[in-house]
Amino acid sequence: MAMVVALYGGLVLAPADYQQKDAFRMVYVHAPTAWLSLMIYTTMAVAAAVGLVWRMKVAHAAAAACAPIGAWFTVAALGTGMLWGKPMWGAYWVWDPRLTAELVLLFLYFGYMGLRAGIEDPVKADKASAMLAVVGVVNVPIIKFSVEWWNSLHQTATVMQLGKPKMDGDMLWPLLLMLLGFALYFITVLLIRLRAELLRRERNASWVREVLT
Amino acid sequence: MNEFLEMGGYGKYLWPAFALGFGVVVLNLVLALNSLATAKQDARRRMEMKL
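Here the protein sequences line up with chains A and Y, keeping their order. Our numbering numbers the first residue of the first sequence as 36 and each following residue consecutively. Our numbering numbers the first residue of the second sequence as 39 and each following residue consecutively.
The set of hints was computed from the structure by calculation and includes no laboratory data.
Distance ranges between label pairs, derived from CB positions:
| # | chain 1 | residue 1 | chain 2 | residue 2 | range |
| --- | --- | --- | --- | --- | --- |
| 1 | Y | GLU86 | A | ILE154 | 24 to 32 Å |
| 2 | A | GLY125 | Y | LEU71 | 35 to 43 Å |
| 3 | Y | ASP80 | A | VAL129 | 41 to 49 Å |
| 4 | A | ALA218 | Y | GLU86 | 35 to 43 Å |
List time: in silico EDC-like cross-link candidates among lysine to aspartate or glutamate, alpha-carbon distance up to 16 Å:
| # | chain 1 | residue 1 | chain 2 | residue 2 |
| --- | --- | --- | --- | --- |
| 5 | A | LYS179 | A | ASP131 |
| 6 | A | LYS92 | A | GLU237 |
| 7 | A | LYS92 | A | ASP156 |
| 8 | Y | LYS78 | A | GLU237 |
| 9 | Y | LYS78 | A | GLU245 |
| 10 | A | LYS121 | A | ASP131 |
Footprint (simulated), chain Y over chain A, 3 or more residues, beta carbon under 8 Å:
| # | stretch |
| --- | --- |
| 11 | 64-76 |
| 12 | 95-109 |
| 13 | 112-118 |
| 14 | 222-234 |
No residue lacks a Cβ here, since even glycine has one placed at the ideal position from N, Cα and C.
Throw the hints in and build the complete structure from the sequences for me.
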């Protein structure tokens, strides 16, 4: 675990020294957080679907562990985007398709967590919240393609497209490295949260005793 | 140094954004470790109660 964290530190902290100026640098924090907010939701929905179909408790636990992390990164994506929007678009917030859909994503995370917290029976909570997560996944492609389907203020994809990215190599590599760092970071945090979630759920199981002693 | 901090006039938007982004990164690690520590503590307490 320490190794993954160290690796993350090297990958993510290193590009922070990058020599470019101006507002575009926002991309190094906005894009990875926004990208994570989508990736975490997708992970959560897949885990929830696996839990629903095969009745795997671990899958439900993984989905539950995703939610708070994803919600935080949605907040970060929205917040950093607002701080970029002010100097670039002249306003912190506009009701743009992508921005609105990302806000819906935040509410989906909140709804998921609220639903889990509101149902006492863990099996029922797993089922109900998993349904919400799976249905809500429709929002992910909406966010991804919103910039192409509608006339959006938000710029279109520069990196994740077929063929060559529209970004210069010098600007691109720190971003890709940053994305990799964020992905590894998410896996690390997810595994920590999953351990906690499983300990909480399986507190009567005999393996818990073995792990703790 | 000052020039670097100013970021061509965008510094006042950039630095809060980086603070927010990486603040969330640090916060999530801390929250996750906290929840693991709490879960371990609870499990230990239950174990002792049963003994």
